[in-house]
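Kindly generate the complete structure, drawing on both the sequences and the hints.
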Amino acid sequence: DQQVKQNSPSLSVQEGRISILNCDYTNSMFDYFLWYKKYPAEGPTFLISISSIKDKNEDGRFTVFLNKSAKHLSLHIVPSQPGDSAVYFCAAGMEYGNKLVFGAGTILRVKS
Amino acid sequence: NAGVTQTPKFQVLKTGQSMTLQCAQDMNHNSMYWYRQDPGMGLRLIYYSASEGTTDKGEVPNGYNVSRLNKREFSLRLESAAPSQTSVYFCASSGQGRGNSPLHFGNGTRLTVT
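Heads up: the sequence lines are chains U and R, in that order. Heads up, the first sequence is in this note's numbering, so the first residue is 1 and it goes up one at a time. Heads up, the second sequence is in this note's numbering, so the first residue is 1001 and it goes up one at a time.
Honestly, I wouldn't trust all of these hints.
Said to hold, decoys possible - Calculated pairs, DSBU-like style, for lysine-lysine (alpha carbon to alpha carbon, straight line, at most 35 Å): (1) R:Lys1057 to U:Lys68; (2) U:Lys56 to R:Lys1057; (3) R:Lys1009 to U:Lys37; (4) U:Lys99 to R:Lys1057; (5) U:Lys111 to R:Lys1071; (6) R:Lys1014 to U:Lys56; (7) R:Lys1071 to U:Lys54; (8) U:Lys54 to R:Lys1057; (9) U:Lys5 to R:Lys1014; (10) R:Lys1057 to U:Lys71; (11) R:Lys1071 to U:Lys99; (12) U:Lys37 to R:Lys1014; (13) R:Lys1057 to U:Lys37; (14) U:Lys54 to U:Lys37; (15) U:Lys68 to R:Lys1009; (16) R:Lys1014 to U:Lys68; (17) R:Lys1071 to U:Lys37.
Stated by the list, open to error - Pulled a few chain R residues facing chain U out of the computed Cβ check, cut under 8 Å: (18) Phe1090; (19) Leu1103; (20) Asn1107.
For the record, the hints were derived by calculation from the structure and aren't laboratory data. All C-beta atoms, glycine included, are put in the ideal place defined by N, C-alpha and C.
Shown next as structure tokens:
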């Protein structure tokens, strides 16, 4: 039973346009959500997070939106750059818990 | 500043062989984790250690053991490797061991069991 789902295995976007990566979760106890980015042969690196008390968090070109009623979050990258091409993992956890649950990942390709 | 260091980077085992994956962090973090990554499955937690001296099972602990040797080091042992354990293994650490404390990952160990 996957508690965190990324239903799009891959996404292809033109350089300069917006990339939107989506994530759904089923466990209503999750109150903290994170996005990680992974390049080949490297470990995932933290990108951005959001607490359930917010519905939006922005950091430069990256914005994460949270819709608690729909149990859905999305990552927007504007404008997309070729260096953004990577696997993006959505993760969810409880603020005072020890474990994160990860989605299966979405491969983003930004074409120049 | 090395962050999280994993050794070895690659390993090939035969079914039934044993091995230990090593992990060390230099960020003075309290919590450490072992994940495995498989195609279409994302990252799944094997074991974690919330603080020195404690370890707990994650989502997929069967076939593995762990040791939190000290605050810096957290090893993962496969006693009798099976082909189903072919995967990429990532060690991670975090400062507070809470859901809101981002994990810092090593670069992984790619393990093949034949």
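Hint-by-hint comparison with the structure:
{"no.": "1", "hint": "R:Lys1057 to U:Lys68", "in the structure": "holds, 29 Å"}
{"no.": "2", "hint": "U:Lys56 to R:Lys1057", "in the structure": "holds, 33 Å"}
{"no.": "3", "hint": "R:Lys1009 to U:Lys37", "in the structure": "holds, 20 Å"}
{"no.": "4", "hint": "U:Lys99 to R:Lys1057", "in the structure": "holds, 10 Å"}
{"no.": "5", "hint": "U:Lys111 to R:Lys1071", "in the structure": "violated, 43 Å"}
{"no.": "6", "hint": "R:Lys1014 to U:Lys56", "in the structure": "violated, 49 Å"}
{"no.": "7", "hint": "R:Lys1071 to U:Lys54", "in the structure": "holds, 34 Å"}
{"no.": "8", "hint": "U:Lys54 to R:Lys1057", "in the structure": "holds, 31 Å"}
{"no.": "9", "hint": "U:Lys5 to R:Lys1014", "in the structure": "holds, 34 Å"}
{"no.": "10", "hint": "R:Lys1057 to U:Lys71", "in the structure": "holds, 27 Å"}
{"no.": "11", "hint": "R:Lys1071 to U:Lys99", "in the structure": "holds, 18 Å"}
{"no.": "12", "hint": "U:Lys37 to R:Lys1014", "in the structure": "holds, 32 Å"}
{"no.": "13", "hint": "R:Lys1057 to U:Lys37", "in the structure": "holds, 25 Å"}
{"no.": "14", "hint": "U:Lys54 to U:Lys37", "in the structure": "holds, 22 Å"}
{"no.": "15", "hint": "U:Lys68 to R:Lys1009", "in the structure": "violated, 39 Å"}
{"no.": "16", "hint": "R:Lys1014 to U:Lys68", "in the structure": "violated, 47 Å"}
{"no.": "17", "hint": "R:Lys1071 to U:Lys37", "in the structure": "holds, 27 Å"}
{"no.": "18", "hint": "Phe1090", "in the structure": "holds, 5 Å"}
{"no.": "19", "hint": "Leu1103", "in the structure": "holds, 7 Å"}
{"no.": "20", "hint": "Asn1107", "in the structure": "holds, 5 Å"}
Hints 5, 6, 15, 16 from the list above are not met by this structure, while the remaining hints are.
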